[in-house]
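Protein chains in written order, with my numbering: chain Z, 1 to 258; chain D, 1 to 258; chain L, 1 to 258; chain V, 1 to 258.
It cannot be assumed that every hint is accurate.
Lysine-lysine pairs mimicking DSS-like chemistry, simulated, CA-CA at most 27 Å apart [said to hold, decoys possible]: (1) L:Lys118 / L:Lys71; (2) D:Lys118 / D:Lys71; (3) Z:Lys251 / D:Lys251; (4) L:Lys118 / L:Lys61; (5) D:Lys71 / D:Lys61; (6) L:Lys251 / V:Lys251.
Bear in mind the hints are in silico, worked out from the structure with no lab data behind them.
Number of protein chains: 4
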Amino acid sequence: RKDLFFILGPCVLESRDMALQTAESLAGMAASLDVNIVFKSSFDKANRSSLDGFRGPGMEKGLEWLQEIKKRTGLPVITDIHAPQQADEAAGVADVIQIPALLCRQTDLILAAAATGKIVNIKKGQFMAPWDMAGVVDKAASRNPGIWLTERGTTFGYNNLVVDFKSIAIMSGLGFPVILDATHSVQLPGGLKTASGGQREFVPVLARAGVAAGAHGIFMEVHPRPEMALCDGPNSWPIDETFSLLQNLLKIRDALHA
Amino acid sequence: RKDLFFILGPCVLESRDMALQTAESLAGMAASLDVNIVFKSSFDKANRSSLDGFRGPGMEKGLEWLQEIKKRTGLPVITDIHAPQQADEAAGVADVIQIPALLCRQTDLILAAAATGKIVNIKKGQFMAPWDMAGVVDKAASRNPGIWLTERGTTFGYNNLVVDFKSIAIMSGLGFPVILDATHSVQLPGGLKTASGGQREFVPVLARAGVAAGAHGIFMEVHPRPEMALCDGPNSWPIDETFSLLQNLLKIRDALHA
Amino acid sequence: RKDLFFILGPCVLESRDMALQTAESLAGMAASLDVNIVFKSSFDKANRSSLDGFRGPGMEKGLEWLQEIKKRTGLPVITDIHAPQQADEAAGVADVIQIPALLCRQTDLILAAAATGKIVNIKKGQFMAPWDMAGVVDKAASRNPGIWLTERGTTFGYNNLVVDFKSIAIMSGLGFPVILDATHSVQLPGGLKTASGGQREFVPVLARAGVAAGAHGIFMEVHPRPEMALCDGPNSWPIDETFSLLQNLLKIRDALHA
Amino acid sequence: RKDLFFILGPCVLESRDMALQTAESLAGMAASLDVNIVFKSSFDKANRSSLDGFRGPGMEKGLEWLQEIKKRTGLPVITDIHAPQQADEAAGVADVIQIPALLCRQTDLILAAAATGKIVNIKKGQFMAPWDMAGVVDKAASRNPGIWLTERGTTFGYNNLVVDFKSIAIMSGLGFPVILDATHSVQLPGGLKTASGGQREFVPVLARAGVAAGAHGIFMEVHPRPEMALCDGPNSWPIDETFSLLQNLLKIRDALHA
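Assemble the whole structure, with the sequences as input and the hints as a guide.
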């Protein structure tokens, strides 16, 4: 059952308490379901739609909170960086370093992340074909074989994304674990005036399809109260409906291996 | 187990013998797996890429063959029509009448098919949003409540299609069974000079994802020797790998209902 | 100046008087600007979004009106057909027979239209690559060398179209005149609940770009009162702003040839 | 005639001599045609498809060369930055600072560029709707009203881009000059195994359509020998065909204003 893992957590580190409580919930699920969960949260949202969007606590405080979360829950943590010079400091705490989709072509960022020796989770840009991740993987692999690839939807007209599930098979062919990001994939980019909209109700549909399509991991932003989230609320999944969703996903995974 | 059904068969009625043998194979699977299989084949391919493409035996002979297949295998049959005046004759044999995707907006065709009283399986046009099938459904439902809706991919740039699995949930919301066509969805329209290409290797990925996403039925063109098929070979699934694929799909369906 | 021609008229023949008055306006512009204008209108809208949409006067009455328009204005006329058996009757009146975009892959319709000996204007399907019109052209050219090709936008996500202006150059390479349909290209298919929306304000932008890109003809649905139109109002261009738009387009054409 | 300006130059500063000679050619055209030309070249290609792609001379040497080019040709220069900390140094030389399309959502980069007081040319991301540039513009305008916006195509399926010419009108509505990038718009992203392909033959089509659609400026990468270019060769326009193309574009501009 350990062969399907999950990356879960709030979009942004809204506060120390909120992040810690969410992580403790998730740690409970990991123990109860006997699965691997990586806690995900960002210390800085560097590409908000609007200048007024909440960006987070910043790197210093954010990494401090993540360190505490690791220690108290035992969950490994993943966080994203936006500049090469953040890589080493982030790697001091994070078990996995994430490259945002819009930055997946920035060579220096990939190299710096990979050079830390930590696993690097690279999100496929919304503007890229799955087979073109080969060039991105080559950059990272020149420093470090620990690579994960995440599908989070492709530009589909304006203000919409579509997940091409063939992408999971195609990227798996590159030889690294492939993750489906089921929450960003239901974003409606720019769909709200000053932020991105989302269609939370489709998260389970995409997550289930992702497992059935053969994804090694499922990524979902979860939140205790999505409607109050400071970032990505419309596409975040409620923490109190997360346990049952994970159960369903594990059943599909079991069926595939039966 | 009867709640996941399959529409299976060769793209076109290549010959009486070939169609009958394929149907007998499928009837064996239906019995062995205790599932509903509808035999699908076309009597006329009315929209080939090239004037030289094989079109089929025509309506008269085609319906005769389908009648014999029904009788000898016990499978219900589905076939597609391209003009309103074909509806009644087709309905004399077919249990389900199919509306091709490119014709799903032709009002008179929908009305004529629905007026036969047979179930009408309407393929969503490659140019349509799933919610816009509401208008199409209204046309058919004005004559007959027996409607199925089939997702077969949406135009995604040139010479490519993408399946938006959210579409399965959206169209299910219209109140009728939704089918995923896992073979036409891997077509590369016009990808070959005088015919459409296809990526057969992704058929199981999409079929599994379709079941997991909640499709009521899975449609697949199957062929004893896809590389020799007179139509849609590149995206047809081999008949001798069909039984194991159906087994896998049923396991996923069972997992969803467990 | 005769090398840039126009196809203009109301979407549908709303009434004899309305069509005739519009045609007389257009005939005046043709004379005054010394350009070729083909009068366009449909006798039947066979693929409305909703069953309740106005379909038109039908073939018999519609062709009678078009005949009268030809006679009284001297303008050649173009109208679209939806079934092979309509071709001969339509060709008795129409100077050009049009194949709707959604039907451009229907072999029998193309062959029947071409067999009349009239010029056939084939609209490129919203689901097709421009180079794949080669197969369509081959079908028509097997009967008749008089072919026009019309670009009217390609599916671009849901409820939107985009014109790829490279298409004008690519289709010109097939050896036949290429027309940009500047009004259907600003449609938002299905954008209204029971009809397609449109963005009339962008018609001049696309029409100017079309001429500059090298289109041989510009197609625009024009209407005396677009907001009252029974079909395609949101993307129709007002007749009283048509003369000045044609003047601007001709200036661009002259600049290209200067 | 000064109301249509051009941004022209080689993709990357391949060598001091090559850049200087290209700029001198362009300065000759600017004088002869009495138009404004801004010389464009990059000192670092930070997001090549492959790790082995040529990246350029780096910031220090690159800015030195651009300074010399400014001095010797009198042309203003534009160059792109990829990190906030590059803004001030680049602004010491560049008249216009460019934000790469993939980075147009990175808030700190926009703010740093705008804070220099120089004009900032922001390329619209391939993943963005034109109206969503409002949020990007707000970020820049919070520091500096000198903003240009550049359309360079939108993701259109895999390995292809499409220019929506409506975007020129929509972005013009934001109140800043809008530029059409006619060379990156014909890129086939990732179309070659380890680099992006391109379709140079369509550059004039898009450039002419851009002027006709109302663009204030046209951006084109030009090169003395595109087939030998170290970057973006397949979509670069030959310098020796540039003068005649500019003449044609100016004629269209004149026709619009006649």
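Here's how the hints hold up against the structure:
Among the hinted pairs, Lys118 of chain L with Lys71 of chain L is consistent with the structure: their alpha-carbon atoms are about 18 Å apart, no more than 27 Å. Taken as a hint, the Lys118 of chain D and Lys71 of chain D pair is honoured in the structure, with Cα atoms around 18 Å apart against an allowance of 27 Å. Using a Cα cut-off of 27 Å, the hinted pair Lys251 of chain Z and Lys251 of chain D holds, with the two alpha carbons roughly 10 Å apart. With a C-alpha separation of about 21 Å, the suggested pairing of Lys118 of chain L with Lys61 of chain L holds against the 27 Å cut-off.
Proposed proximity of Lys71 of chain D and Lys61 of chain D is supported: the alpha carbons are some 16 Å apart, at most 27 Å. Distance restraint check for Lys251 of chain L and Lys251 of chain V: the Cα-Cα separation of roughly 10 Å lies within the 27 Å cut-off, and the hinted pair is therefore satisfied.
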